[in-house]
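Given chain A's structure and the hints, the job is docking chains B and C onto it.
Those protein sequences? They're chains A, B and C, same order as listed.
FYI, our numbering numbers position 119 of the first sequence as 119, with every residue one higher than the one before it.
FYI, our numbering numbers position 43 of the second sequence as 1043, with every residue one higher than the one before it.
FYI, our numbering numbers position 431 of the third sequence as 2431, with every residue one higher than the one before it.
Since the hints were derived computationally from the structure, they do not count as laboratory data.
Treat the hints loosely; a few may be bogus.
Taking lysine to any residue pairs in the SDA-like style, the calculated list, with each CA pair at most 25 Å apart, reads [said to hold, decoys possible]: (1) K2728/C <-> E16/A; (2) K2820/C <-> D34/A; (3) K2728/C <-> P12/A; (4) K4/A <-> D2722/C; (5) K2820/C <-> P57/A; (6) K2820/C <-> P12/A; (7) K3/A <-> D2722/C; (8) K3/A <-> E2716/C; (9) K2728/C <-> I112/A; (10) K2728/C <-> R113/A.
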Amino acid sequence: MGKKVLLVEDEPNIIEAISFILSRDGFTVHTHEDGMTVMDKLNVQTPDMIILDVMLPGRSGFDILRDLRADPRFETLPVLMLTARGQTHDRELALRLGANHFMTKPFSNSDIRDHVRETLAS
Amino acid sequence: MKSPGTNRFLDRPAYRQRRLRDAARMLPVAGAALWMVPLLSQVDPEGSTGAAGSMIYVFGVWVVLIVAAGLIARRMRHDDAESPPAANSGASPGGDQ
Amino acid sequence: MQSRPLRPIPGPVRGAISDAAAAGQAMLSFNLLIAVSLTYVAFLFAVAFAADRDAKRGRAGWVHSPLVYTLSLSIYCTAWTFYGAVGYAARSGMEFVTIYLGPTLVMVGWWWVLRRLVRIGRAQRITSIADLISSRFGKSRRLGVIVTLMAVASGTPYIALQLQSVTLSFGVFSGTGDDGDPYSMAVWVAVGLAIFTVLFGTRKLDANERHHGIVMAIAVESVVKLLALVAVGVFVVWGLAGGPAEVLDMIDDATLPEWDLRPGRWASLIFLSAAAFICLPRMFQVLVVENADERHLSVASWAFPTYLFLMSLFVMPIAVVGLNLMPEGANPDLFVLTLPLSQGQNGLATLSFLGGFSSATSMVIVATIALATMVSNHIVMPLWLAASGGEGPVRSGDVRSVIVLSRRLSIAGVLALGYFYYRISGGGSALAAIGLVSFTGAVQVLPALLGGIFWRGATRRGAAASLIVGFSLWVWTLFLPSFGMGAILPETVMQNGPFGIGWLRPEALFGIAGLDPLLHGMMWSLALNAAAFFVFSATSFPTPMERLQGAQFVDVYAHSAQSGAWLGSAATAEDLLIMSQRILGATQAQALFQAEAAAQGKGGYLPDVTQQFVQTLERELAGSVGAATAHAMIGQLTQGANVTVEDLMAVADEAAQILEYSNRLEAKSAEQARTARALQDANEKLTALSVQKDAFLSQISHELRTPMTSIRSFSEILRDEDMTATEKARYAGIIHAEALRLTRLLDDLLDLAVLENGQVQIYRQTGTLSDILDRAVTAAGVPRTKLKIERKRSREDIVLTTDLDRLAQVFINVITNAAKYCDAPDPVLRIVVRQGGSGHTVDFIDNGSGIPVVKQAMIFEKFSRLGGESREGGAGLGLAICREIMERLGGSITYLPGQGGGGFRVVLPASIALAAQ
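For reference, chain A alone in the conformation it holds in the complex (with noise of 0.2 Å):
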C-alpha cells in the first residue's frame, strides 16, 4: 500500500477531486501544476505511476509524453492521459506515444480509481 502517484494537472478542483478519491484508496497522490518543470520533480522522486493532462500551462502533455518514453528510466512507468479535448486524433496520438490508458474529462471517479487500481496491483 501507499504506492505512489504523481498528478499533473493545473486546474484546482479537479487536483482536488483526484486526490480525493485516490487518497481514500489508500495511494499516495503528488501534484504537480507546471508542464515545464515535470521533468525536473520526476529527476528527484519516481512515482509508480503517472496521470498527465494534456492541456497544461508551459509545456503539452504529449510533449512530457513524448521526453518520459525517450528516457530509459521511465519506459516502462504507466502513464494515463487525461484530456478535455476530446477528439479522436488526441487519444491515437496519446496511445502512439506510448501512453498506457487515456481518458476523456469528464470521467467517472470509479473508472479513474479501477484504472489505478489495476495498474498498480501487478
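Positioned in the frame of chain A, the structure of chains B and C alone reads:
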C-alpha cells in the same frame, strides 16, 4: 462587411449612394450618344455646313459632362465622409459587381 | 501623336520652317533659347528633387494631392497634340477633337473601368500593363513578353515623334532650318531625357515605389503647356481676331468640304482614343501605377476632362487665324509657334516653345519609364535569372542591384531605339503619320485587358491568341504600310497582295476594299483579336493558378476592402512573423518587425497588427515572392476568421494542384523554383489555418469540459463517500462555483457568437460618460477590492449616444481585469479621458507590471488569458467580446503599451460622442 446580402433594404443615404453610382455609370453612355449627334446633321446634301456650329455643340456637351461628373464626384465624396458604413456597402459581394 | 491625320503634311516640312523663320521679324537668339530651355530643365530638376526629398521625409502631402494626379494624366497630350492639333484642325476641321473626346468619356465613366483597374493595380501591386496581363493570366511570362514587345513596337515611333518635334521647334527659332545636323540636336535631347529619367525614375530601389519626383515635374510641365496654349489662344482670339464672335465667323468662312465629319472616322476615332487612353503603357503608368489614392480618380473624373477641354478650346481659332494670316504653304503644325513669332511676340513664342518642350519631355520620360519597367521585368530579368544558372538569387541584395541596373539600361535602350527610329525614318511625314497607327497598336491589348478584369472565363490561351492575332494584323495592315508605299512592303504587295493572293492585300483584307486604311486596319485587327480571345478562352481550360488570379481580378471588390486595406485583421503578429521569416529570411523579417514595433512605441518583435503594418509587410513580401502570391498569403492570414472551411478546402485543393504543376516545372528556372516555394508555403499556411479552426473547437470543448469534470467528480464524491459536514459544504461550494463558471462561459460564447455574426441589436440611448463609468466601477465590484480608481470627472462630462449597456460592458471588463490582474501592492487604476482628432479616447492605465510584449498581440484573441493560468477564472473571451462590441459601436479598443503598467485605450468615435459645451 461581415454580413453580405443582408442589406437589401438600405437606409436613405445608402440608397442615394447607389443611385449616384448609377448616374456615374450612365454618364459616359450619355456623353457618347450626345457626341454622335453632329453626325446626323452632317447628312446635309448641301455639303459643307459651317464648322462653328458643330464646334459650339461639341464643346457645349463637354461642359455639361464636366459639370455632371463634378457634381457626382462631389456628392460621392461628401457621403463617404458622412456615413462610412454606407460607403463600404458597395464592397459586399453582389453589391456592385 | 494624337492629332496627326494619316494624310501627309502638305508642303515640305523644312520649307515651312524656313518660311516661318523668314516671317519672324525679330528672331530670338538661338543661344538665348537654349539658355531658357536649360534653365527650365534645371527648374524641373529642382522640383523633382524637392518632391522626392519631401516624399522621403514623409511630408509628401502635396505630392499626393488629387490635383497633381490629374495634372500628371496630361502626358496624354504630347508634343504632337500641342503643335499638331492645330495642323490637324487646319486640314480636317473638328475631327481633331475626337482624340480628346475618347479620354473624356473614359474619365467621366471612371466607375466602369478605371476604378476597377486602379483597385486591381493596388491590390495586386501591378507595375505595368504587361504585368497586369501576365499576372491576370496566371503570372504567364510569355504573355508579359508579348505585351512588352507590342508596347515597344508601338511606342518607339511615338518617342521618335517627340524627339522630332523638339528638334523641329528648335529649328523654327534657329532660323536656318538646314543649318548643321538636325540629328545632333535630337541626340542631345535624347541623352538629356535619358539622364533625367534615370536620375528620377530609378533612384528608388523598390520596384513598386511611385516616382514622386517625376510625377511632380510632369504636373508642373502640364501646367506650363496648358498656360502656353491658352496664352496663344487668348492672343489669337482677342489680339488678332478681335473677339469670339469674329473667330466663329472666320471659322464658318474658312470651312472646307474636307472639314465635313466623316461618321466612320468620327465614331471610331473616339473609340480608338478612349481605348488607347487605357491601354497606352504610359497612361497605364500614371493612371494606375502612380495612383496614390483611389479617391483621386473621382476628382480627376471631372478635372481631367476640364484640362482636355481647355487644351482643345483654342485649337480651331488658332488654326483658322493661322490659315488667314500666315503665308500660303506655311506648315500649320507649327502655327502655335510661328503665329506669335510672325507678330513679333517673342515672349509668347518662347512660352509656346516651352509648352511644346514640356509636352515632349514629359511624354518621353513617362513612356520610357513604363516601357523600361516592362522590358526590365519581363525580358531582361528572366533572362538574367536564367543565365545566372540554377542557383538564382541567393542574397536579396543581388537581385535589387540587378533590377536597378537593368531598368537603367532599358531606359537608355528605349530612348536609343526612339532615336534610331527617328534617324532611319528620316523624320519626315512618314513618321508623322504613324501617330494613330501607333494608337491602334497599343489598343490591341484591350480585349485581353477588359476580358481579364470582367470575365472569369478568360484564359491564358485566349489572351495569347488575342494578342498575337491582333498584333500580326496590325503589323500587316497598318504598321508596315505606314512607312510608305514601297518602303518596306513592295508596291506589288500593296496592289495585289503577297504572292499575288488578292484577299491578303494589306489595305483590303478579304476583298473589302475602299475603306479608310486606318478604319480598315483597326476594324479587322480588333474584330479578329476579340474573336480569337473569345474562341480560345471558351475552348481552353484554365490552370488552377489562372483561376485563382481570375477570381482575384474579377471579384476585386469582394476580395479587397476600400483602397486595398485589410479590414478586421484576425492575424496575430506572431503568425505574420512566422510566415515572413520563411520568405524574407529570419534576420530581415525580425528587423522589419522590430522596427515596426519600435515605431509603435513598443519593444520586442511583435508590433500591433495595424492595417498600415500589414500593407507594409505585404509590399515587402511582394518584392520576394511576387505581388499576387504575397497578397494571397497575407489575405489568408489576416482574414482567417472569415474563411469558411469550404473555402479552405477549395483553395487548398487548388494550391495542391498548383504545387504539383509547378513541381514539374521546378527544374526549369530559379524563378519558378521560387514560385513553387512560395506556393508550398501558402499551402502549409492554409493547412495551418484549418488546424486553427479545429483548435478553436477543441478550445471550446476544453473550456466546457473542465468545469464539468469538477462538477461530475464532486457530485459523485458527495453521492458515494462518507465525509464530514465541513467537507460536504466545501464540495457543494465547488460544484456551485463551477456551475456558475460554466454558465458564464456559455453566456460569453453566445454573446461573442452574436456579436461576430453581426446579428446584435444596438439600442441607442443617450447618457454621459461619467455616469457610465460610475456604473461600470460599481458593477465591477471595485468597492470590494483594494483597487483604487483615479478619475477626473470634469473631463468625463461628455454626452454619448450609443448602446450604453454595451459600452458599460466593455468598461466593466477592463476594470475587472485591472482589479484581477494588477499586481502592484497598492493597485491604482487611472481613467484618463482625452479629446482626440477623431473622437474621444478613454484610457485605463494601472500601475501593475502590464502585459508582456509577446502576449500583447494575442490578448484580444479568443481564449487568450491575461493571467496565463486557467484557474484565474474567465475563459479568455472577455477582451474578444470587448473588441467585437467596440467594432459594432464604431470605435475600437486597443492595448496601450509603454504606460508603465497595463493600459487599454477605448476610442469613442466623434459620431457617438458630443463634448458638453
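Here's how the hints hold up against the structure:
1. K2728/C <-> E16/A: 13 Å, holds
2. K2820/C <-> D34/A: 21 Å, holds
3. K2728/C <-> P12/A: 17 Å, holds
4. K4/A <-> D2722/C: 24 Å, holds
5. K2820/C <-> P57/A: Answer holds: K2820/C to P57/A is near 19 Å, not above 25 Å.
6. K2820/C <-> P12/A: Judged against 25 Å, a Cα distance of about 18 Å means the pair holds.
7. K3/A <-> D2722/C: Since the Cα atoms of K3/A and D2722/C sit roughly 23 Å apart, the hinted pair holds (cutoff 25 Å).
8. K3/A <-> E2716/C: 24 Å, holds
9. K2728/C <-> I112/A: Given pair K2728/C, I112/A holds - Cα atoms ~21 Å apart, limit 25 Å.
10. K2728/C <-> R113/A: Answer holds: K2728/C to R113/A is near 20 Å, not above 25 Å.
No hint from the list above goes unmet by this structure.
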